[in-house]
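Residue numbers (this note's numbering), protein chains in the order written: chain A, 1 to 333; chain B, 1001 to 1176; chain C, 2001 to 2284; chain D, 3001 to 3433.
Since the hints were made in silico from the structure, they are not lab data. Computed from a prediction, not measured in an experiment: that's the story for all the values here. This list has only true hints and no planted wrong ones.
These stretches of chain C come out as covered by chain A in the derived footprint (C-beta under 8 Å, 3 or more residues):
(1) 2091–2098
(2) 2104–2111
(3) 2132–2143
Built from N, CA and C at the ideal position, the CB exists for glycine as well.
One-letter residues, chain by chain:
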Amino acid sequence: MVAADVGFAEASWIMVVKSLVIFAVILGLVPMILLLERKLLGRFQARYGPNRVGPKGLLQPLADVVKLLSKEAYKPDAAVPILWAIAPALVILSATATLAIIPFGDVADGNVGLYGIDVSIGILYAFAFGSISFYGLLLGGWSSGSKYSFMGAMRSAAQLISYEISMGLALLGVIMMAGSLSLVDIANAQADTIWYVIPQFVGFLIFMVAGFAETNRPPFDLPEADAELVAGYNTEYGGMRFGSYFMAEYMEMVVVSGIAAAMFLGGWHGPGPDWLGPIWMLAKIMVLICLFIWVRATLPRLRYDQLMSLGWKVLLPLATLNVLVTAVLVVVT
Amino acid sequence: MPDAPGLELIAHEINSRHEGAIVGTAFEHGQAVLLADPGLIRETLGFLRDEPAHAYRFLASVHGADYLPAAPRFAVHYELLNMPRVERLRVKALLADPGDDGLPELDSVVDLFPTADFQEREAHDFFGIVFRGHPDLRRILMPEDYVGWPQRRDFPIGGEPVIFTATEDTVPGWTR
Amino acid sequence: MEVERTKLRGLSPLDRPRSPAELRVRQLRARDMLRGDLEGADLDEYVESRVLTTTLERAQSWARGNSLFPATFGLACCAIEMMSMVSARYDTSRFGAEVFRASPRQADMLILSGRVSIKMAPVVRRIYDQMLEPKWVLSMGACSSSGGMFANYAVVQGADKFLPVDIHIPGCPPRPEALIYGILKLQRKVFGDPDLGWRERYRAGGTEEGRRPWKAGALPVERVGSAPAAGIVTGHGQPGAAQLDAPVGHPQLTGHEARDAYEEAEEDEPAAGPRPAVGWRDDA
Amino acid sequence: MNPTTRAPDYADTVRTPEELGRDAIGRTEAQVIGTSPIERTAIEREEELFTINMGPHHPATHGVLRLLVSLEGEVVRDLKPVMGYVHTGIEKSCEDKSYWKAIPFIERMDYLAYYSNMAAFCGAAETLLDLEIPPRAAWLRILHLELNRIHSHLVGLGTSALDLGAISMFWYCFRERDTILDLFEMSSGQRMHTRYFQVGGVAEDIPVGFARKVREFCALMPGRIAEYEALLDHNEIFLQRMKDVGIVPRERLLELGVTGPLLRAAGEPWDLRKVEHALPYADFEFDVPIGTVGDNWDRYRVRLAEMRESVRIIEQAVDGLPEGSWIADERHVVLPPRHELATSMEALIQHFKLVTEGFRVPPGEAYFPVEGPRGEYGVFLVADGSAKPARVHMRDPSFVNLQALREMCVGGYVADLIANLAMLDPILGGIDR
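Just chain A, with the same shape it has in the complex:
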């Protein structure tokens, strides 16, 4: 197996085809995750979940999406027109863009990398886009002209600040151990030694907790806490704009799971022949997504101040300590 250089680039037509394939796979994956969530939640709650629309309910997400697309497009009078319209697009765009760096395999046949791009800044790229996606929530909530949306937007902003730092610090240990920012390099580094989830277990936990907060999934779904804020930042959104937010949430789940799988769970490496790589990667992503769903079925929601204190008083010191210990160990060994 050849380790790819950072900055390795294919022919441009390959890149186009590659991006289309990745986009198609993920866009096909998101509705499946939607259905998986509803089915799994059903099983957690002693019921069936969707099973009438199409065979085994497989067409349920299709029906949802077509319905959302055919809903009326509507803007409340009080909303700020352009911002209101671009906010959901922003969320979807940034989530899609982040998908590009998730590696499903190394360079195959020496000319096609099984990933969108392998950027030298690696994980920083994901953080940059993650921050942009919060603008989507913030703008959407603020420009709706509704007080519930506004509160949801404020909460999402506060959540971003509290969790982005811990998330970054949690990955720093892995980056130090692998000696690279590129996800491909990090995944390859784990093939030789062990999965980083073992030496960096604390980092993995912090990353996952922060990942839950980043994706606004329960128990950190404060921006759209439906018991308090009706639907939070997307209270005024209906139709496919609401659908965009909805899908973006699931895409971000894929992104966070993908990053976690690549950085902690050995990426595409697994037993069996090399061509199983992408399947291994997908399997790891799905396992993590099931974790997301399991947590949603089980845990209550945190309160706003508890969320803040968890972020600043627990996760941040822990992550810093983790980085320090890792740094010392890396230097010593």
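On the provided structure of chain A, position chains B, C and D as indicated by the hints.
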């Protein structure tokens, strides 16, 4: 419950303190009732609450009633409760209908019993009884702009007649 | 023309008419529904427009029928049975109708679960207005269907006085099975009649807030001061005070009277411009 | 929103901001919100406050309660409940129905505690009639009242957990609720609003197999409660959300007239089942769980413990169910037995008269309290000697308890407001009646 002689003693005690506060007593079905002068209702309830021998500190319920053909038409009932002795005592203030568009008035006891807040508003809402000194006497269950006191006996129950095939022609606007 | 009963029963609105006779049967059924308001060419046009024409429309109505998100909206006793509907034993999620959305903008189906009081009626109407087209209303239980046993001063005698109700479900309260049956009936209706012609007729389509084509005051429920639902505010610093004390209009007109009222109002001052097709209004 | 941008039709309906701030009788927003000391400081810094309107359509208000909440950031500075959105005029409607026809109305007040409603109304009518119900009827009433208490607490617990975000609890609670409703359906034929209690006793004896089903339920339920505890009690987030939240001191609760689990959670062991002996609860062995702090955690624990105690009572009731008639043998009140209608002309006439006219109740007034799942359900009944009540009033615990909500919430977070409201467990049908 205080028994019938005990009730007379309570009435006498209140009357000796506040002249004419209790105008009568009733004891029926094992339930004791003090008929209070509406003008002195605060004194009566305050006495029953604060006097250590009685200490009816818990106001279980306040409700109005309309005894339409009877002469003092309205009444406000206060269901008092002494928790340690598990004794209930009902104080009933009879209010005359001032006639025309006037509303019967009574002193509010919200400062004595904070629990009376919503319940007095409810009595006001349904019977038009004005509680003087209530901090926020507005309608509570009916819409703010509702006209009329719906639970008075002379207020129609309302609703619509049920329309059957035989009667549908007599109901205007139903068939065209 | 003689119409055979068997034919009438066997027809599904989903099917394309197979013969002129079948089209005629449909015309007659439509005329029955319209009580003879349309005749001749108008009637033909009406029926033509009611028949599903394209595959796209079929797909669209299939999707709409299979993905009915109810609004999280409970009124009284029936709300508890409505919650049971998603519970383990009944499980409407099998039909894709378990995603209760708290925001009316994201809901497709309003289940009126319980008695509608005169104080609540404007709010219900406003929630309905806040929902986006296409939208459906289920009236669950006797109270919201007809006032039920509560024939008194406080209860609106049937929610269809101020809302277009699609399905009435009998019961007090209806069992969750009955509610699911109602939802399945609604699904059939959605599959068959995507363009909601009768709503257009009753001016019930496209009733988002702030875009009412008819004159204020002629509606069964007035817009002014109607109690806001779910804290949706439309201005800056709109306080609670006015909402508390502003006059709230109450539906006093029955359905037909209300319709007459706004037909009169429309004669006075016609609505500005033709209404765009339901479901495709752009906000640009 | 600028009024001039609207269609001219709206000109007479659009309010300017000044008009919006000042209502018809000239009350400003500050005055509407109130004038207690905390509120006055809030008014002075009015520009810092953010008023949101929760409800009448809000997922967490357990019905159509409307709360005007003044927020400073996320902190609740003031709160004002507005209710009446399901006001149904039941009390008025009852005045137009004969006594036994009024029972279906009464039970639709608090739609999770229909047996308590019925027990209070039938008790008041029986007080006025000086009617003693037979022991079997009393025990059947207790059996159903306790089943109803578990049912109500289950719904309360499930929806509370849903409000807190622990969604699965809802399904688990409703699963058990359905088991209870099966029992109701078995004894009366209806899931909700069973109209099982009758003036003079209960409407029908329990069917064959009911006792076995109840025993099965009693064997099942403690294990299920243990499962709820396993899911919630050791959950750190749940503990953090519940503990030390919404504390109101016991004395204040008593002043506010609060009863039921809310009061007991604050440490006051007040339970009408123990002190009032209208129903033979004295024959049963059960404990009254009380809390110590009076926070939401205590409220939750008290409810769970009450469910266990109710299971104990149900077991005893079904084991020691006395033999005999299930309804009093007072033919002027009680319908004659079904089999007599075919053989006895007098019974047929009696039946006809009772069904068409109802029975007459001698003039008088009575207040009859019952301990229901939310506190004291008390019916105040005025009879004027006719077959219809002259005045029915329900003292509903949700209505009175709701007054404590403001004190529970002010100074806390919005999320705590939701938790407090969930733990207050109001039923809007009972509040608005």
